[in-house]
Structure formats: structure tokens, C-alpha cells
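Asks: This is what each chain is made of:
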Amino acid sequence: MAKPEEIQRIKKIAWDLRADVVKMIGVGKAGHLGGSCSLAEIVATLYFAKMHFDPKAIHDPSRDRFLLSKGHSVLIQYAALVELGVIPRDEMGKVKTLAGKLQGHPDMMTPGMEAVTGSLGQGLSISVGMALALRLEKSTSRVYVIMGDGELAEGQLWEAAMAAARYKLDSITAILDRNRIQATGPTREIFDIPNLEDKWRAFGWNVLNVDGHDVGAILDVLDKAAEIKGAPTVIVADTIKGKGVSFAENTAAFHNGIMTQEQYDKALAEIAESGRMVE
Amino acid sequence: MTSPNLRSAYGASLVRLGTKDKRVVALEADLGKSTQSAMFQAEFPDRYFQMGIAEQNMASTAAGFALTGMIPFIHSFAVFATGRDYDQLRNSICIPNLPVRICGSSAGLSDFGDGKTHQGIEDVALMRALPNMTVLCPADSIEVEKMMDCLLDWPGPVYLRINRNDLPFVSPADEPYSIGKVTMLRDGSHAAVFAAGVMVSRSLEAATALATEGISVRVLDVSTIKPLDREAIIRYAGGVDAIVTAEEHSIIGGIGSAVVEALRGVSHAPVEFVGIPDSFGISAEGYPELLVHFGLTSDAVASTIKTLLKGGRK
Chain A
136 MAKPEEIQRI KKIAWDLRAD VVKMIGVGKA GHLGGSCSLA EIVATLYFAK MHFDPKAIHD
196 PSRDRFLLSK GHSVLIQYAA LVELGVIPRD EMGKVKTLAG KLQGHPDMMT PGMEAVTGSL
256 GQGLSISVGM ALALRLEKST SRVYVIMGDG ELAEGQLWEA AMAAARYKLD SITAILDRNR
316 IQATGPTREI FDIPNLEDKW RAFGWNVLNV DGHDVGAILD VLDKAAEIKG APTVIVADTI
376 KGKGVSFAEN TAAFHNGIMT QEQYDKALAE IAESGRMVE
Chain B
22 MTSPNLRSAY GASLVRLGTK DKRVVALEAD LGKSTQSAMF QAEFPDRYFQ MGIAEQNMAS
82 TAAGFALTGM IPFIHSFAVF ATGRDYDQLR NSICIPNLPV RICGSSAGLS DFGDGKTHQG
142 IEDVALMRAL PNMTVLCPAD SIEVEKMMDC LLDWPGPVYL RINRNDLPFV SPADEPYSIG
202 KVTMLRDGSH AAVFAAGVMV SRSLEAATAL ATEGISVRVL DVSTIKPLDR EAIIRYAGGV
262 DAIVTAEEHS IIGGIGSAVV EALRGVSHAP VEFVGIPDSF GISAEGYPEL LVHFGLTSDA
322 VASTIKTLLK GGRK
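One line per chain: the protein sequences are A and B, in this order. Each residue of the first sequence is one higher than the one before, counting from 136 in this note's numbering. Each residue of the second sequence is one higher than the one before, counting from 22 in this note's numbering.
Source of the hints: derived by calculation from the structure; they are not laboratory data. Ideal Cβ positions, reconstructed from N, Cα and C, are used throughout, including at glycine. Heads up, a few of these hints could be off.
What the hints assert, rightly or not - Computed spacing ranges between beta-carbons, pair by pair: (1) A:A192 to B:K54: 40 to 46 angstroms; (2) A:V162 to B:G201: 45 to 51 angstroms; (3) A:S197 to B:D42: 20 to 26 angstroms; (4) B:E64 to A:N344: 25 to 31 angstroms; (5) A:K364 to B:G90: 22 to 28 angstroms; (6) B:P152 to A:D355: 56 to 62 angstroms; (7) B:D42 to A:R411: 39 to 45 angstroms; (8) A:A192 to B:T23: 53 to 59 angstroms.
Go ahead and model the full structure; you've got the sequences and the hints to work with.
Replies: Written out as C-alpha cells, the structure is:
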């Protein structure tokens, strides 16, 4: 069980990361607010508590790897890497501009990125290659890969799921950000994939569930996943798309939406208030 | 003694690289006996990864290997190695410029019996269009071996187009080789033929035949299709009255296109393509028969040269 002060610390960071996501999107410009906010607690827990990752040695071969297969949510990763000092803070104002290094999707030109993702469905396969290579090198590094629930319609993910099970890649922890909303509507309406947990089990994976906004539970479930040997584990994290920004919660409108000045101010105010409530 | 079979030379070379460098790993999509990656499997079972009939996953998995310091070779038939996983090659591999080697085996029409679905005749066009991708098409097994020896250190992704069959030896065994080299196999003053793969030996045959008619033909082996040595193409295209390209590929986007792209902006003799018209392949009983069907013969090269020269002489 994680200590309460540790949980408080990570919760605070998660709200700080959300605020940075809103700031990076800004006013009058489209940005992937919803899927970034649904991941704040998971990303904060990984980068600031669980992962073996030294921000001063980002190429250390023994580091744990972090991959966003749902690459469009990269703003939350940028926020974490800014907070860790890997990405200079002034890059935040230059996101998706010719003057900056922060691309619309994960790119190796950005410090701290582990792979190019964004064409959906490829991240789990990349993590399979990493895990196999790490095994050859007798490394104990773990590979964390985050997928979206809409993304699961990509057939390649299931090819990768079979490969990870075939090679018993227990160094992979996959996390499914099940926020139940995709680009154009609820996943249930767009392309329903029922019995998700059963499907992963049938593909040879261990399945764990967690509330993706409960930091204490995330800490525990990540520990549990790392202990399971002989097969890969997927953590199905139930989350709220746009979590923490009332007008963006549970709506496809802010999958990649544009905020007015009023909405921008409201988003930052709500996030700041939620951050203050963490006691 | 080197086997005249390109696949055998490929498999043996892969084993050689694997012996030399333990970063070399091989991934296969259930065609290991055809691609000859099975030779690597026999030698290095721990570094051989059977990925099943799932080329998309294989390609992105290779990206993961490369991102972790390995030099992965992935294998399938050319048509699948480039088409089935095009998006994975583009995004997982080419954007980050990773040293993944893509072996497109049984390329062109060389899988003669299996027909349209298995004959990769637009693979060069696809791979050439990808930024960062190097595109290689060896003319014989000697060139396969020499190319493979360049692949431990060559930066970025490489597509290697491997013919299924035995091909005549044409490349000079004792000459040093480097990626990017355009090799002049025969000099001549009336016409220049830029060829790759199986069409190199056929173009040499055409040059020999035309010599008896007093027509002098220069033959160039363009085994590195990308990055194309533009200076060399312009230089070798100079001083002749006819330029012909010869390839076992669609005339859209292949070596002909690449040569004309290289010659743009400079004055040059008229150009004609010997290649496959905009169509799919077809099943045949044998490879030579299929090459004849699509006009990929020494006679076709010779007559194309003569037609151009007649036009040029008026």
C-alpha cells in the first residue's frame, strides 16, 4: 500500500500536468484535451513514482520505457517531461509550431520520446520489440504502453497482443485508457468492442482493472502487474475523458477541441481549484 | 564459391552479419524457407523471431528492436514486405529513421506461379517515396553479399529487393562496393542502358548482340535506386544518342522514373523505358516465360535502343 503523502504528492502533480495541457492548447487552437486529461493520474504515477527513469539520463539503457500508442494524447507526456526538466519549459508555448520541438504526435525530435506513434495501433508492437530486445540484453527494464479504447479497433494491436503472449513478455505493462469516447462519439456507438477483458484473456494476457483517477489504486495495480510472471498484463483503467474540465468531460467535442478564452479561463480555474482540494 | 541464387546469398550473408555483430536479429512472417532467413534461425535461434503471418506487427516490432539498439532484418515477399505494412514502415520506422532492414524476397515477377497477389512490381515506387528509405536492387548474388556487408553501419532503413531465382553473375567480384554506387559494366558510345536486378544481365546480352551490328552500348548497374547518385546518372547519360532504362517493375515510379528525375533540368538524349506497363502480374509456368510475356528480354532492350537511335538519326 502506498503512503498517503506519496498519493497526495502525485495527485497534486496530476493537476499541475492538466493545467499545463490546457496552457499548451491555449485559446482558439485545436488540441487533444480529452484524452490527455483522462491520463493525468496514470502518467503522473508512472513518471513521478513508478518508472525507473532518470530525467538527467534519458538514454540510460536501464530506464523503463513509456510509450503512448494513443499518440494524440502526447500533451500530457510533454507536461510530465517539462515538469521533470527533460523538455525546457519555454517549449510549451511553441507546441505544434515550426519554432518548437513539440510535434502534434510523439516524435524523436523531442527529448524523452521513445518512439514515433500516432498512426494508431502501432505502440504495442513497438513495445513487443523493445521487450524482446531488453530480454536479449538481460535487462530488467519494464515497458509501459498506453492504448486508447477507440484504438482497439486497429487489427495490428491484436497481432501485437498475440505476439506478446507468444513470447511471454511479462516486462510489458499495457494500460488501456478506457474513457469510452472516441473522436466522433461514444465508443459504444462508433465501434463497440464488448467483453474487452475476456478478449484480452483469450489472447493470453493477464487482466487487471483500476479506477484510472485513483492514484493509490494505480500505484497498487502497477505493483501487482509487475509481479505477474510468464505473460504480459493489461490494466484496464476506467477513466473520464476530459477529466477535471467540466465542459470537456465525457464529450467527443473536446477529443480535439478548440477552447474560447472563457473556456480556457474556466478550465484553468477548475483545475487550480481541484489541485487545492488535494489535501 | 558463391551460389548464383540470390536468396541463398542473402541467407548466408545474414548469417555472416549475425556472426560478426550480435545486434543483428531476424524477424520472419512464416516465409523463412523462401526468404532463407531460416539459415539465420539455424545458426542463431535466440536472435530469430517468428512473428507469424502478421507483417504489420513484425514491422513495428522491428522498430522496437531498433529503438533498443538492435539491427533488425525483417522478411517477407516483396509485395507483402512493402505493401501490407506500408504505414508501419512509414510511421514506426522511416519517420524516426531507424536502422531496420526490410528484405523483400521473391520480388518482381520471380514468384512466377503465384500470380498477381504475390508479384511485387510496384514495391520500388512505394519504397522510393518514403523519406529516409534506402532502396537496393542487386543484380546478382555477388552484389547481394557486398550490399549486406554495408548494412551493419548504414544509417536509417533499407529496403532490399531480392529475386527468387538464380541470376547470371554480372558484377565485378573484385571491385570495392558501396551503397550509392552506379557500376558501369560495359562502356559504349551510342546508347546507355540503366538497369537493375534481372534486367542487368539482359541488358548486357543486348549490348553484346548490338555490337555485332556496330551499335555500341554502355550498360550501368543501378543497384542503389535510392539515394540515387545523380551526378553519376548525368555523367553516364552523356555523350550518347539514346538512353534506355530496364527494370522488372512497373514503369510508374521505378528505375525509369528515378533516372528521368535525375536527368531533369539537363539536356540529354531521348529516354525510353523497358518495364512492366501499368498492370498486375500473372501466373506462368516459368520465370523466363513470364519475363518474355512482359517484354523484359534482351531483345526488347535491343529493339528499344534501335528504335530510339533511328528516331535520333532521323
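Asks: Determine for every hint whether it applies to the structure shown.
Replies: Going through the hints against the structure:
no. : hint                                 : verdict
1   : A:A192 to B:K54: 40 to 46 angstroms  : holds (44 angstroms)
2   : A:V162 to B:G201: 45 to 51 angstroms : holds (50 angstroms)
3   : A:S197 to B:D42: 20 to 26 angstroms  : holds (22 angstroms)
4   : B:E64 to A:N344: 25 to 31 angstroms  : violated (44 angstroms)
5   : A:K364 to B:G90: 22 to 28 angstroms  : holds (25 angstroms)
6   : B:P152 to A:D355: 56 to 62 angstroms : violated (45 angstroms)
7   : B:D42 to A:R411: 39 to 45 angstroms  : violated (56 angstroms)
8   : A:A192 to B:T23: 53 to 59 angstroms  : violated (46 angstroms)
Of the numbered hints stated above, those contradicted by the structure are hints 4, 6, 7 and 8, listed in ascending order.
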